[in-house]
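Quick note: the sequence shown, position 181, residue 181 per full-length UniProt numbering, numbers continuous.
Hints listed in this document are in silico derivations from the structure and should not be mistaken for laboratory results. Where hints are given, some of them may not hold.
[Stated by the list, open to error] Listed next, the in silico BS3-like pairs over lysine-lysine satisfying Cα-Cα at most 25 angstroms (straight line): (1) K400 x K268; (2) K400 x K264; (3) K92 x K145; (4) K487 x K214; (5) K94 x K196; (6) K183 x K136; (7) K183 x K196; (8) K201 x K268; (9) K136 x K185; (10) K196 x K264; (11) K201 x K214; (12) K214 x K268; (13) K186 x K136; (14) K62 x K145; (15) K183 x K62; (16) K94 x K145; (17) K196 x K92; (18) K136 x K201.
[Claimed, not checked] Label-pair distances were calculated between CB atoms; the ranges are: (19) W452 x Q211: 26 to 34 angstroms; (20) H447 x T44: 50 to 58 angstroms; (21) H79 x Y318: 41 to 49 angstroms; (22) G472 x A307: 51 to 59 angstroms; (23) A307 x A188: 35 to 43 angstroms; (24) A284 x H210: 17 to 25 angstroms; (25) R486 x A282: 29 to 37 angstroms; (26) Q211 x H447: 30 to 38 angstroms; (27) I304 x I483: 45 to 53 angstroms; (28) M131 x V296: 43 to 51 angstroms; (29) A188 x A397: 48 to 56 angstroms.
This structure is a prediction, so every number in the text was calculated from the model and none was measured. C-beta atoms are modelled at their ideal positions from N, C-alpha and C, and glycine is treated no differently.
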Amino acid sequence: MSTIAQPVYTLPNDPLPPGIPLCVDLDGTLVKSDTLLDSVIVLTRQRPAELLKFPKWLTEGKAAFKRHITSTVELDVVHLPYNRHLLQYLEKQKAEGREIYLATGADAPLAQRVADHLGLFAGVLASDGTMNLIGKNKLAAFQDKFGNNFCYIGNAHPDVALLANCLEPMVANPHGSLTSALKSKKIAPSATFTDKASTLKAWLKAIRLHQWAKNTLIFLPLVLAHDHSAALVLAAAIAFLSFGLCASATYIVNDLLDLEADRKHISKRRRPFAAGDLSPLAGAVVIVGFLLASLVLALALPKIIVAISPGEALPRPYQFLQWMGIYLVSTLSYSLYLKRRVLVDVIVLALLYTVRIIAGSAATGVAVSTWLAGFSIFFFLSLAFVKRFAELESLLARNKIPANGRGYHTTDIEQLRSFGTASAYASVVVLTLYISDLAGSAHLYRHSVRLWLLVPILLLWLSQLWLLASRGDLHEDPVVYAITDRKSLALGVLVIGVVLLAL
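Please work from the sequences and hints to get the whole structure.
As structure tokens, this is what we get:
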């Protein structure tokens with residue numbers, strides 16, 4: 001299979017005077033993320049009770065706070081998102097005999113572990129639990145050690161004083177505030193080391209907009225009831241948007257909590273927070289904003305229906321909000337704990353799909369049939385199993401052992417295949433029973449016998465999905481596969497065509 005050649009980064013011509021030490025910042029510079037925030041996230045995951053000590057730690061000063069954090073949890077420095085281009089440059093400078101120093105506001109033990117891992121530095125200057133080594137404190141430490149003969153690479157506004165007083169200022173992934181400050185002081189960096197994804201693309205990836213396809217299940221009760229009321233269609237659309245915002249907030253929570261695990265994963269390490277392309281603080285702000293927006297839409301939904309069509313007022317106006325709350329609690333429970341419980345995780349995933357259908361019913365007042373509920377549970381249980389199966393298949397192909405804490409072993413793969421395929425065909429059986437039940441009724445479909453054409457289509461898609469997974473060719477979430485695979489999309493068009501023929 002052909003691959004697209006990646007652009008080669010060209011190292012800048014060496015602007016540094018010979019024999020002058022080079023000092024490099026850590027957070028946001030050598031590493032694209034902030035190691036303090038990363039450590040707080042790890043602490044939240046591993047020892048959440050310690051969060052209660054934060055107020056006391058903060059009263060002791062920022063340097064002491066950093067020391068408390070780094071002495072409580074040990075951040076994995078091997079898989080940090082290093083700035084590849086800057087790292088190449090430092091390796092080149094090291095090979096040419098230049099002394100390089102890691103100079104950071106991070107706590108000293110953490111900084112030392114980074115230095116030991118990379119093996120590039122002649123020394124480390126860092127916060128010591130008493131003094132926070134940033135800004136003027138860092139400049140004073142430099143001048144005490146090097147006089148005015150040093151070069152520096154930074155990324156944020158506190159680095160302005162250091163860049164203004166060094167011999168050859170350089171920057172890496174510079175913040176806008178730093179760029180503006182340097183321009184106002186007429187300081188032109190000798191080199192810029194950029195290793196960061198587009199912010200817009202990073203956010204679109206973080207909120208997983210493609211996963212909103214799952215939320216189209218909200219429309220299913222309305223569609224299957226053949227109800228085309230403008231008020232209810234608008235209600236379903238508002239519910240779709242509200243649910244999408246809530247789901248995206250939970251995806252960000254999940255990515256933040258799984259930060260270290262994702263960095264060790266062959267593909268998940270490219271997720272925006274794991275890759276250091278987005279700040280966890282920005283993620284926290286978006287989580288709050290999305291949840292508030294979702295809440296406002298859910299509260300407004302019944303009032304909008306009444307305003308458009310008073311006769312279609314929902315009997316239980318805030319039932320949609322209740323189901324969205326159940327989804328939120330279930331998803332957070334899954335992220336925090338249930339995803340590491342064998343088999344419970346896949347059942348929860350399947351139920352989360354079904355909750356979307358029930359939420360759609362609550363938003364429109366259209367009841368969910370027992371047939372639809374039964375079909376969705378088995379169908380989505382199969383998709384949850386195929387996702388776990390594909391993960392284990394990928395590990396087997398790379399001779400790896402599971403390290404994500406989910407509790408599955410590679411020896412479980414055949415049992416998962418059995419569970420998943422059985423669930424898939426059980427959903428087809430439920431579909432056939434539903435079609436048989438329609439035989440004597442023409443209130444929904446005048447030609448219900450034509451719906452039997454759905455059975456081979458569904459069998460073909462499910463069988464194809466599991467065959468690909470068994471071959472190790474299913475490299476995506478099954479939902480992503482369904483909305484990007486041409487054959488799947490073609491089968492989807494056929495399904496719509498069959499349903500229209502049956503009307």
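Outcome of the hint check:
Taking the CA atoms of K400 and K268, the gap is about 16 angstroms. The hint holds against a cut of 25 angstroms. Distance hint between K400 and K264 is fulfilled; the C-alpha atoms sit about 12 angstroms from each other, no more than 25 angstroms. Straight-line distance between C-alpha atoms of K92 and K145 comes to about 24 angstroms, which keeps the hinted pair within the 25 angstroms bound. Note on K487 and K214: the hinted pairing holds, with a Cα-Cα distance of about 19 angstroms set against a maximum of 25 angstroms.
Proximity of K94 to K196 is assessed by CA-CA distance (about 24 angstroms); at most 25 angstroms being required, the pair is judged to hold. Distance restraint check for K183 and K136: the Cα-Cα separation of roughly 20 angstroms lies within the 25 angstroms cut-off, and the hinted pair is therefore satisfied. Only pairs whose Cα atoms come within 25 angstroms are accepted, and K183 paired with K196 is accepted, the gap being roughly 22 angstroms. Under the criterion of a C-alpha separation no larger than 25 angstroms, the hint pairing K201 with K268 is consistent with the structure, at around 16 angstroms.
Distance check on the hinted pair: K136 and K185 sit about 17 angstroms apart at the alpha-carbon level, within 25 angstroms; holds. The hinted pair formed by K196 and K264 meets the criterion: a straight-line CA distance of about 19 angstroms does not exceed 25 angstroms. Of the supplied pair hints, the one linking K201 and K214 holds, its CA atoms being roughly 21 angstroms apart against a limit of 25 angstroms. Restraint check for K214 and K268: satisfied, since their Cα atoms lie roughly 20 angstroms apart, inside the 25 angstroms limit.
Of the supplied pair hints, the one linking K186 and K136 holds, its CA atoms being roughly 20 angstroms apart against a limit of 25 angstroms. A distance of roughly 23 angstroms separates the Cα atoms of K62 and K145; the hinted pair therefore holds under the 25 angstroms criterion. For a cut-off of 25 angstroms, the pair hint linking K183 to K62 is broken: about 30 angstroms separates their Cα positions. Using a Cα cut-off of 25 angstroms, the hinted pair K94 and K145 holds, with the two alpha carbons roughly 20 angstroms apart.
A distance of roughly 21 angstroms separates the Cα atoms of K196 and K92; the hinted pair therefore holds under the 25 angstroms criterion. Distance restraint check for K136 and K201: the Cα-Cα separation of roughly 35 angstroms exceeds the 25 angstroms cut-off, and the hinted pair is therefore not satisfied. At roughly 32 angstroms, the beta carbons of W452 and Q211 sit within the given window of 26 to 34 angstroms. Checked against the hint of 50 to 58 angstroms, the pair H447 and T44 passes, with Cβ atoms roughly 57 angstroms apart.
The hinted range of 41 to 49 angstroms is satisfied by H79 and Y318, whose Cβ atoms lie roughly 44 angstroms apart. The hinted window of 51 to 59 angstroms between G472 and A307 holds, with their beta carbons roughly 53 angstroms apart. Remark: the range hint 35 to 43 angstroms for A307 to A188 is contradicted by a beta-carbon distance near 59 angstroms. For A284 and H210, the Cβ-Cβ distance of about 23 angstroms falls inside the hinted range of 17 to 25 angstroms, so the restraint holds.
At about 36 angstroms, the beta-carbon gap between R486 and A282 stays in the expected band of 29 to 37 angstroms. The hint said 30 to 38 angstroms for the Cβ distance between Q211 and H447, and at roughly 35 angstroms that hint holds. Checked against the hint of 45 to 53 angstroms, the pair I304 and I483 fails, with Cβ atoms roughly 29 angstroms apart. The hint said 43 to 51 angstroms for the Cβ distance between M131 and V296, and at roughly 46 angstroms that hint holds.
For A188 and A397, the Cβ-Cβ distance of about 50 angstroms falls inside the hinted range of 48 to 56 angstroms, so the restraint holds.
Violated hints, listed in ascending order, are 15, 18, 23, 27; each of the other numbered hints is respected by the structure.
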